[in-house]
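Chains as they are written, first to last, in the working numbering: chain H, 1 to 186; chain W, 1 to 422.
Accuracy of the hints is not assured; some may be wrong.
[Claimed, not checked] With a cut-off of at most 16 Å between alpha-carbon atoms, the simulated EDC-like pairs for lysine to aspartate or glutamate come out as follows:
| no. | chain 1 | residue 1 | chain 2 | residue 2 |
| --- | --- | --- | --- | --- |
| 1 | H | Lys61 | W | Asp327 |
| 2 | W | Lys138 | W | Asp127 |
| 3 | H | Lys60 | W | Asp127 |
[Unchecked claim] So the derived label-pair ranges between C-beta atoms look like this:
| no. | chain 1 | residue 1 | chain 2 | residue 2 | range |
| --- | --- | --- | --- | --- | --- |
| 4 | H | Ala119 | W | Asn288 | 31 to 37 Å |
| 5 | H | Asn151 | W | Tyr275 | 40 to 46 Å |
| 6 | H | Leu81 | W | Glu412 | 51 to 57 Å |
[Said to hold, decoys possible] Heads up, incomplete: computed chain W residues facing chain H, CB under 8 Å, no partners named:
| no. | residue |
| --- | --- |
| 7 | Phe278 |
| 8 | Leu282 |
| 9 | Leu324 |
| 10 | Leu328 |
Everything labelled a hint here was simulated from the structure, so no lab data went into it. Every value quoted in this text rests on a predicted model; they were computed, and no experiment measured them. No residue lacks a Cβ here, since even glycine has one placed at the ideal position from N, Cα and C.
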Amino acid sequence: MMNEDLLQRDDRPIYGLMAEFDTPTGVVNAARQAHDAGYRQMDAFSPFPIHELTEAVGAKKTRLPLLIFLGGLAGCIGGFLMQAYMMAVDYPLIIGGRPLVSIPSYIPVTFECTVLLAATTAVVGMIVLNGLPRPYHPVFNVPRFELASRNRFFLLIESTDPKFDRDETKLFLRSLNSREVSDVDY
Amino acid sequence: MSEVHTHDVHAAHRTAADFAASLEVGRLQTLALIAAVVGIALTLLGAFLDIEQFFHSYLIGFVFWTGVSAGCLAILMIQHLAGGAWGVVIRRVLEAASSPLTLLVMLLLFIPVVIGAPFLYEWTHRDAVQANQFLQWKAPYLNLPFFIGRTILYFAIFGALSYFLNVWSNQQDNDPANGYIYERQMRTLSGPGLVLFALTTTFASVDWVMSLDPEWYSTIFGILFMGGWGLSALAFVIAVSVFLAQRRPMNDILAPAHFHDLGKLLLAFVMLWAYFSFSQLLIIWSGNLPEEIPWYLRRYSGGWQVVSIALIVFHFALPFLLLLSRDLKRHARTLGAVALFVLLMRMVDVVWLIAPEAHRGHGAPSYVGHLNPVAILFGFAALIGIGGVWLALFAWQLRRRPLMPLGDPLLEKALHHGHHHH
Numbered sequence: 001m002m003n004e005d006l007l008q009r010d011d012r013p014i015y016g017l018m019a020e021f022d023t024p025t026g027v028v029n030a031a032r033q034a035h036d037a038g039y040r041q042m043d044a045f046s047p048f049p050i051h052e053l054t055e056a057v058g059a060k061k062t063r064l065p066l067l068i069f070l071g072g073l074a075g076c077i078g079g080f081l082m083q084a085y086m087m088a089v090d091y092p093l094i095i096g097g098r099p100l101v102s103i104p105s106y107i108p109v110t111f112e113c114t115v116l117l118a119a120t121t122a123v124v125g126m127i128v129l130n131g132l133p134r135p136y137h138p139v140f141n142v143p144r145f146e147l148a149s150r151n152r153f154f155l156l157i158e159s160t161d162p163k164f165d166r167d168e169t170k171l172f173l174r175s176l177n178s179r180e181v182s183d184v185d186y
Numbered sequence: 001m002s003e004v005h006t007h008d009v010h011a012a013h014r015t016a017a018d019f020a021a022s023l024e025v026g027r028l029q030t031l032a033l034i035a036a037v038v039g040i041a042l043t044l045l046g047a048f049l050d051i052e053q054f055f056h057s058y059l060i061g062f063v064f065w066t067g068v069s070a071g072c073l074a075i076l077m078i079q080h081l082a083g084g085a086w087g088v089v090i091r092r093v094l095e096a097a098s099s100p101l102t103l104l105v106m107l108l109l110f111i112p113v114v115i116g117a118p119f120l121y122e123w124t125h126r127d128a129v130q131a132n133q134f135l136q137w138k139a140p141y142l143n144l145p146f147f148i149g150r151t152i153l154y155f156a157i158f159g160a161l162s163y164f165l166n167v168w169s170n171q172q173d174n175d176p177a178n179g180y181i182y183e184r185q186m187r188t189l190s191g192p193g194l195v196l197f198a199l200t201t202t203f204a205s206v207d208w209v210m211s212l213d214p215e216w217y218s219t220i221f222g223i224l225f226m227g228g229w230g231l232s233a234l235a236f237v238i239a240v241s242v243f244l245a246q247r248r249p250m251n252d253i254l255a256p257a258h259f260h261d262l263g264k265l266l267l268a269f270v271m272l273w274a275y276f277s278f279s280q281l282l283i284i285w286s287g288n289l290p291e292e293i294p295w296y297l298r299r300y301s302g303g304w305q306v307v308s309i310a311l312i313v314f315h316f317a318l319p320f321l322l323l324l325s326r327d328l329k330r331h332a333r334t335l336g337a338v339a340l341f342v343l344l345m346r347m348v349d350v351v352w353l354i355a356p357e358a359h360r361g362h363g364a365p366s367y368v369g370h371l372n373p374v375a376i377l378f379g380f381a382a383l384i385g386i387g388g389v390w391l392a393l394f395a396w397q398l399r400r401r402p403l404m405p406l407g408d409p410l411l412e413k414a415l416h417h418g419h420h421h422h
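Isolated chain W (complex conformation) (with noise of 0.2 Å):
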């Protein structure tokens, strides 16, 4: 087969000039930066008419955007791992959104969850553990000392995961000769790097979202979050993908074919995040036990059941019907469209994760949700706010490389998928 474009493949060095990224990106990080600073902004305001309402905002955009680095992170060890020209094309896009320096920001970016953990997390209180027998013996893990180890633990690892595969990168860069070592290491690291972001991320979560109620417990939570992150990288390296195909270099290189794939990929991942999320539905819905079914019950109330029917509607059925259309995926800018459309879904989602949990009131029949829009404007507020800083170090990042691996054994491949004749 491979002798069909052997006349395109010319052996040409390529060199980082050849995939540097257009000044668009660099636009990027200054509209990000505004966009950070008109966020954090109107977030602050929240603070003033509502505290316990701000930290549940704020959490929900925290809580957002470490997925989305976490996701890519996640994906960045799948394409090492399974390889494929799909993933050469978006290396460049995962590493710099799961960038070491990412990271550690958004770890900073905890900072305020810790301070708004008493208006955030009903185990802080400490007459409210002594009031109720199961958060006494959740107390040896659910306290505040420990939850913060964690999450500096839970940084930690992917901070780690992802400097190794960031350096290692680096090196085959500058080093394209040897670039199937680098390619080995970066795989070996994947393996055991990707049962890690599994462990860590079901911790994350149940630490993070699912004490916000501390009676409630749900073995498929971790699960749920790691399909939701995944399906977030993936939109958001889409919508990247596609705004980068319009400019040099990219649009030379990004061709229908790549889109197909990472069409597919999405259709794949929405349709998981459905199965978790209905696999969690059916079995507490079909359990019905108090402990577990008020979670839902918050959510089947006060208006949120709205949000709940836009979830089931927007977040999997209109983006499967769409994504079904092979024509569709092929079409950059259409994929893009659904992509963002998507990314604002995940968005509704950790909303509705997380905001109903506010004003629950301690020690109150913890079922009775309101659907506050003020709280949802905030929530978004706080999403643009975070999502900015987080935006202008992913362009910041992105500038700096070269926008193609220059050492990846599957480069020229790569470059050819889709550009048989010409």
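The shape of chain H in the complex, shown without the other chains (with noise of 0.2 Å):
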């Protein structure tokens, strides 16, 4: 059974569909019902964080601690070595009758560098991997999506998704007890 306003829509393509929730447990589980119906490309926005709705929108695992990981790492050689070129090859110097590489007197600068780098991957690594900044974005195009920041809850699936389809999405996003579902606009 198809809707009126379905049959009269234009053909611009959009870049996807967007339903609005009046509370959290309505987002949660209308994520988990089009995660099971096997849409995959989705996102959703909630005004706080909602542990439930990352696990349900199916968000993939990011690659984030690694690189954190390869960051710290790398802070830690780099720290360690640049310490001993310094002390042993650049300017020898002997302080207290040690040899030129003391390990223990070069552990805390080395450990600062591996906080240095890891933490600076972190920050980079989370603004570029979230491809920030974005100075446009179609979300922004549905007038009530500003409420995601205050008191509603939205679901988005986008159009990129092989399942997708304008029509059908459409009536699945309805029968989840959604306030209202729009177009998003590219």
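Both chains are given apart, each in its own frame, so use the hints to dock them into the complex.
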């Protein structure tokens, strides 16, 4: 059964379809059902973090922890070698009668370099992997979307999803007790 | 956020029967008693081979297991102060491990240390003290009557804190409607209690371990013990929780989210231990003073350097790298294996702190340490012997009460932590 307005749509390509919910429970349940129905290219928006929502939309594991580890490792090795080069090669200086490469005295700086590079990788990596900075995003074309930072919850299914069909997906989103389903224009 | 899972919070009143310990905890008690008999027999065998070695081995066992109790008491007080689901699910384990009865038995187990004091502590020898000006100056503190009195005071402080926390916890179980009143009492005690714990642990570490070399001192020594005891306790609690999570009733309660939290704490404590240990090493190594450095020279000669390096690699580096993994922390059995490994390394650390001080020879140049495999073997025999007694007491205390605190205001929240969708 097709609704009237579905048949009257224009043929412009859209970014996706966005459903609005009143409660966090609503959006979490909807995300789970969408995931069960086979949708993968989706995202959800909430005024506050909802742990279950991340799982419900089937968010993929991020590569960020691995990058941070590698950043820390580079800081650790780099920090140590930097000191060894300075103290033993570039400007050899005997301190307290100890060998030029004295590991215990290198540990604090090595540790600090590890933390510095790991933390920097975390911040920069998060920004880059999130695709930021991003001056324009289609979701803001939905007028009511600004409520996502106040008291509404949104579920977005992107048109790039292999299972996406403008009519069927719209009917599906409506069947999930959503308040409203809107087209997200490019 | 709470709206998401209000539907599965059933307000049903939970009873003690819902959280009764399984029969396996009783079997653990029997096994522990067998270990106690075997361990103590082996330790006593060591006494006939080498009496000085015997008392050092015994001190290793005593200090380690007292540390697990004291560490559990400290974590118990931290969880009362900080709150959170992670604390509610391990509270009964913490209470059982630091029960007043356990502490009383540990105090009785201190008697052999007093008997062995002449073999352990140079400052108990009148002639050694008279020949050494430093020991004369320290005599008002380092003398046997005061030493015994202080140890009784340490156990009195630990015991009193543990007594009130356990009694109020029982009352809370019997009166869940007023659970928050008892929770407030326990929180109020825990603040000053942690300050007392820090002071008591500092003095205890100086008395029992640092004074093995009466001329040596390290101002971070007490903090090293606080971190070490906390780590021992946490590793033990995680191992027990994994054991309980395989069985009813805790298999329905303990979820990956709980183990994730406990795993993060374990990682933090592993780093803390490394941080404190390295701080002491860096300062003493930099100063290189004749009255400080021999302690490290003993641990960097005669074979002990192997143990020293092993501590860096296996007490810090390996657990640190493993615990970075989120998946590992959320997988109960693997986390349990890492916790048991950390517990083993904690024992090696206590052996490393105490055993190199044996056979120093009174008055002889004191940096000739010898790694004696027999010494380590008997050290572990004592760890198993005293550990068996300790573990039997623990299992007995754990079985006496429901495995979850029935009256804890955070009980429902803790039960649903990680059980959001069913």
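List of violated hint numbers, smallest to largest: Going through the list in order, the structure violates hints 3 and 10 and respects the others.
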